[in-house]
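If you want the building blocks of each chain, they are given just below.
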Amino acid sequence: MSTELIKYLDEEGNLINNYKPSLDEKKLRYLYDLMILTREFDDRGLKLQRQGRIGFYIGCKGQEASHIASAFALNDDDWIFPSYREPGILIMRKVPLYKLFCQMIGNEGDPCHGRQMPCHYSHREVNFVSISSPLATQIPHAVGASYAMKYNKEKKVAVTYFGDGSTSEGDFHVALNFAGVYKTPTIFICENNQWAISVPITKQTASESIAIKGLAYGIESFKVDGNDVFAVYEVTKKAIEKARDGGGPTLIENYTYRLGSHSSSDDATRYRSNQEYELWLKKDPIIRFEKYLLSEGIINKDYIDSQKKFAEEEINNAIKQAEKLKNPSLETLFTDVYEDIPSNLKEQMKNLIDEQKRLGESEDNSLAFPL
Amino acid sequence: MSTELIKYLDEEGNLINNYKPSLDEKKLRYLYDLMILTREFDDRGLKLQRQGRIGFYIGCKGQEASHIASAFALNDDDWIFPSYREPGILIMRKVPLYKLFCQMIGNEGDPCHGRQMPCHYSHREVNFVSISSPLATQIPHAVGASYAMKYNKEKKVAVTYFGDGSTSEGDFHVALNFAGVYKTPTIFICENNQWAISVPITKQTASESIAIKGLAYGIESFKVDGNDVFAVYEVTKKAIEKARDGGGPTLIENYTYRLGSHSSSDDATRYRSNQEYELWLKKDPIIRFEKYLLSEGIINKDYIDSQKKFAEEEINNAIKQAEKLKNPSLETLFTDVYEDIPSNLKEQMKNLIDEQKRLGESEDNSLAFPL
Amino acid sequence: MAQLTLLQAINQALKEEMRRDNKVIILGEDVGLNGGVFRATEGLFQEFGEERVIDTPLAESGIIGMAIGMAMYGLRPIPEIQFMDFIYPAFEQIVNEMAKMRYRSGGQYNVPLVLRTPYGGGIRGGHYHSQSSEAYFTHTPGLKVVVPSNPYDAKGLLISSIRDNDPVLFLEPKKLYRTIKGEVPENEYIIPLGKASIPLQGDDVTVIAYGAMIPICISAAKKANEEGISTEVIDLRTLIPLDKETILNSVKKTGKVVIVYEAPKTGGFGSELSAIIAEEAIEYLEAPILRIAGLDTPYPYTLEHIYSPDPRRVYEAIKKVYNF
Amino acid sequence: MAQLTLLQAINQALKEEMRRDNKVIILGEDVGLNGGVFRATEGLFQEFGEERVIDTPLAESGIIGMAIGMAMYGLRPIPEIQFMDFIYPAFEQIVNEMAKMRYRSGGQYNVPLVLRTPYGGGIRGGHYHSQSSEAYFTHTPGLKVVVPSNPYDAKGLLISSIRDNDPVLFLEPKKLYRTIKGEVPENEYIIPLGKASIPLQGDDVTVIAYGAMIPICISAAKKANEEGISTEVIDLRTLIPLDKETILNSVKKTGKVVIVYEAPKTGGFGSELSAIIAEEAIEYLEAPILRIAGLDTPYPYTLEHIYSPDPRRVYEAIKKVYNF
Ligand SMILES: Cc1ncc(C[n+]2csc(CCOP(=O)(O)OP(=O)(O)O)c2C)c(N)n1
Ligand SMILES: Cc1ncc(C[n+]2csc(CCOP(=O)(O)OP(=O)(O)O)c2C)c(N)n1
Ligand SMILES: [Mg+2]
Ligand SMILES: [Mg+2]
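Residue numbers (the numbering used here), protein chains in the order written: chain U, 7 to 377; chain W, 7 to 377; chain D, 535 to 858; chain E, 535 to 858.
Please keep in mind that the hints were generated in silico from the structure rather than gathered at the bench. Careful: at least some of the hints might be erroneous.
[As the list claims (entries may be wrong)] With the C-beta cut set under 8 Å, the calculated list includes, among others, these residues of chain W facing chain U:
#1 A212
#2 E214
#3 G303
#4 M355
Where a beta carbon is used, it is the ideal one built from N, C-alpha and C, also for glycine.
Model the full assembly from the supplied sequences, consistent with the hints where possible.
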């Protein structure tokens, strides 16, 4: 049990605490590529919102190491119960990028048929479970799924991500308590970005750290520099191995920072000092990792430029492809409420389709999402 | 912060750990009297149920020190947010005993008009807030009330009682977290009687203790021998003083044991070993205290006999007085839903009263409560 | 055929389904060694072990949240909430997660679970052990809601619910747990969800109800029949999906309707039944649609027998619409 | 008189009541420095300080639970839930505690608080930022439920709610927050709870609605009026207690009713309205009681403009009952 900050890579890109990377150069480059691509994806997502091409965006800037390096320690058949700031995992698990933009647009290419707000992805083919807006609700699900894995005698784990604010919800508490009792193979990753919209962590809880909360459930816990790819990777990897071996759950606090506003509807300057922001800008997980890779000669400037260019092109193409598609069909208003459409919904479907034919499509006077 | 068991009086009635009582002999005798009276009250409550004179009973046998010695450290204008195993506090605060039996019967003498099951008392005149069946719900209320005390600049505290099982509910978590953040004058007392109906504490949580859970909220916490009047009194007193002085909340785990079945509907032999029970019978808080008082010459055998006799008589009279009263009036079905009876309820009231006149009183074919 | 109580029929259905499919798992407070506070899961812990009959910590949101995760992963959990009155800490998980998972994931995930819970009054439980809050759930798209009224239906509906691929709220009328017995075949059989039954046929008045109100309605209807008012009783059995056809057919025949439910009158599921009839069959109506229901107050303790709908009240309503 | 938005009217009511009575306290997520995510509490933190405008940890059950304790102790808390869709973690506290405290304590304790929360769709919020779940609360005895439809009412109803000694759920139609302006007197005034208004009078058809549906109904009714169908619109303003008199009087006059609500049709509050009419005024009805409501599905994202009741749909219903 450790609530001291675990850190292997300092802000200048130097390895500290006698750390030696366990990943080979190729893997390190790949990790870097993923982070670059995710950063570009995230920038463009916000821009699309600013340009009015999507209705809302919620970003992960500054939290790339926290979610990418941790998920990198998983097998593909391990399940992810995400929050909304982990798009890098979908990119890592090779979901076609345009699909993610289809979700943001909410068009017919969205596997969820345009039913949720942007950035609420779900991709069963890569074991990335559906994202919910209501916070912390996914945490008990991860416990249930991992109970099932254990019950089935599979050596899989379930990982769930959530923010610091979300640890205040009852569902955080009940989930960790259940996991402690049943020793489920669950990895709880709190991305402590120190803010819950406008509420700083100091007003969120008086506990010394998030990691210490694991004690309340008899769950081994670690506090990690969440902007340090190495620390995040190693601690997660150890937790996963322990879980696979029947050693039970782990709580990991990735101490990081939200470099953007909460979402496209938020303006962090209303409540957050510029100094604090500037300070954390210097701790950017990508810059730090880049410095290390450059100094080790694992990548060079050209590599960086070409990766950035590649990322831009990939994203451009993906957006183009996504924007070609149409709205979901009227039928999608009625499917998937139940396995089969019940008779009352069939009636409502018939009436609605008739009406839209008779009167023309309803006028779209929706307002822009305000938050 | 201590999660070591605090204990001043051993099972043989000897003071240990260099403890010297801070209460004078008169107060100690009074504390003893209250415990004797509460034990008798509790025994008779269960008997009334067995005799079919009340519908349900839920007892506090074995937990007398835990609730009586802790509440003894309060001022009368401090507020209690109770669970259902603290009748001794009402006795201490001098609620006429027959009123408590009126509640159990649910008759017109019940200040709550027979609306809740037995043992769900509420006595505002002594700042003993209404008991709810849904567990843990009172814990955030205590935080709110103590926030108000602090806001009003009164030097009062709110104390809330709850069981070990109740610490698993979300409301335990949110309440302690809020109290930690606002540093409210709240004393959280967990009566860890080691069982939640049939579920032992080992299946309730994997945490090392209940007290350790306070760390998750930055709240100072203590684990106390809950069958030791002295330890309970002293630790509570310290916590109360700290709270009055603006030092914020404390979590106290009273480590104790439920000597009875969960309630009149339960049969603990289905799930609990006789050995365990016998072991704890020897740790009875009253016997232990009695031994001490006898050995110190603070009481003698005669005193004990006369107190027991007094208790019996008091209870007999109270029951007699309570059983004379009638059912609450039909009107009580409609009052107190709102401050004033709204028109729809007035209509329903008129219909019901007319109907009962027209057809005679409805047949009472209610079943006995099964739990 | 064995004469079983409703409780025994439920226990039997659980046992048989657990034998048939090892993905079926029970979890809840005191469901294990203790067999549930009503004994619905009696003997299951002994037969199937603690991994399949799981005593949980005391947290309804955890029970349902964990069951959702199990179901998404492919198990068929049957969480029990000890009393319906204690379901609310799990309300978020039920209405925002369980009910919407299939929809929001575009059908990629489903939540095949059966949430069993005893509901209703008549056992001197006061307002925290007597609630009938089915209307909160029937207003929540994505949930199915089932309420048996007798042992035979209880077993057949529970088996259907367990095999259903959508989340089902299975409400057990606790007042009837042990008060009625009925023939229950030992072999497996199912009663399809969404089909009402007509325990009493008649031509003059339609009485619509479900669960614990059925014996009350039947007793009132029999009395009415004796007085020459031919009364039909519809037992909905499943509230969602609703068997509107059976309701409307009966109403079109009788033109006179009494709806009976235990919950507070305002906004109860009976209000929906009335609204459907007023929307789709008003031309056939020859009298007001009367609702005999609980009062718009919490459930009392001492006076519960006066609070609850009883045969006298239903009988008066039948007479009233008949004579309108 | 100032022209204010609905949001400004709410802000003004809060400010005035806080100035008048230092027992009035606000708490919720982001209500402080940030002024609330919709800015309803803008400026209050600055004027009244962090002890009276409290930013809370992220836990709805804690917000409401703490507010209940404050109210029992004598403060007048106004907890905010950021979106109605997130009210459910507090459901237990609301339905079992807030609603029943007065009753279960025999009137010894009361809970004078106003739970403010934005509800409803039309802002591209998907199914977790668009819900209208008022029917869960109107079915819960002990709560009052208020839904303003314009700035003037919002201020007057909010002041009444704050001064009321019972717990009030105050639902703010977020679609109307900034889209409509109206005259709002700067001085204090109250609109009593339990009184509907009639923004449009008519003799042929009665349209009943509340909150964000009012502008839609008025627009439909005006069109109907132009076509010679004299349409009355009733704005309930308060759902509980309900102004049954105004409803029944109108229905008795017109004999034709359309009820409009945003929530899923099945079990919505409109079903209760229909049931009341079918129970107490059926003799006056000359057409089916039509309900124009949300679909029995979760709220969608992309197609929300097709999902939601709109003036065209209401207008068609008016015509339909008129021509029945
Ligand atoms: C149950 C619930 N309450 C409130 C909200 C509104 N809300 C959305 S995000 C957010 C802050 C979340 O903070 P945190 O958990 O730290 O995650 P972060 O956004 O910082 O990643 C809030 C209050 C919500 N989505 N769900
Ligand atoms: C929310 C809720 N869930 C379940 C119950 C049913 N129930 C009543 S008492 C009890 C056990 C309580 O255990 P604990 O908190 O340890 O208190 P104890 O009875 O041991 O004093 C349970 C499960 C309830 N009353 N409320
Ligand atoms: Mg955060
Ligand atoms: Mg206990």
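Here is how each hint holds up against the structure:
no.: 1; hint: A212; result: holds, 3 Å
no.: 2; hint: E214; result: holds, 6 Å
no.: 3; hint: G303; result: violated, 45 Å
no.: 4; hint: M355; result: violated, 36 Å
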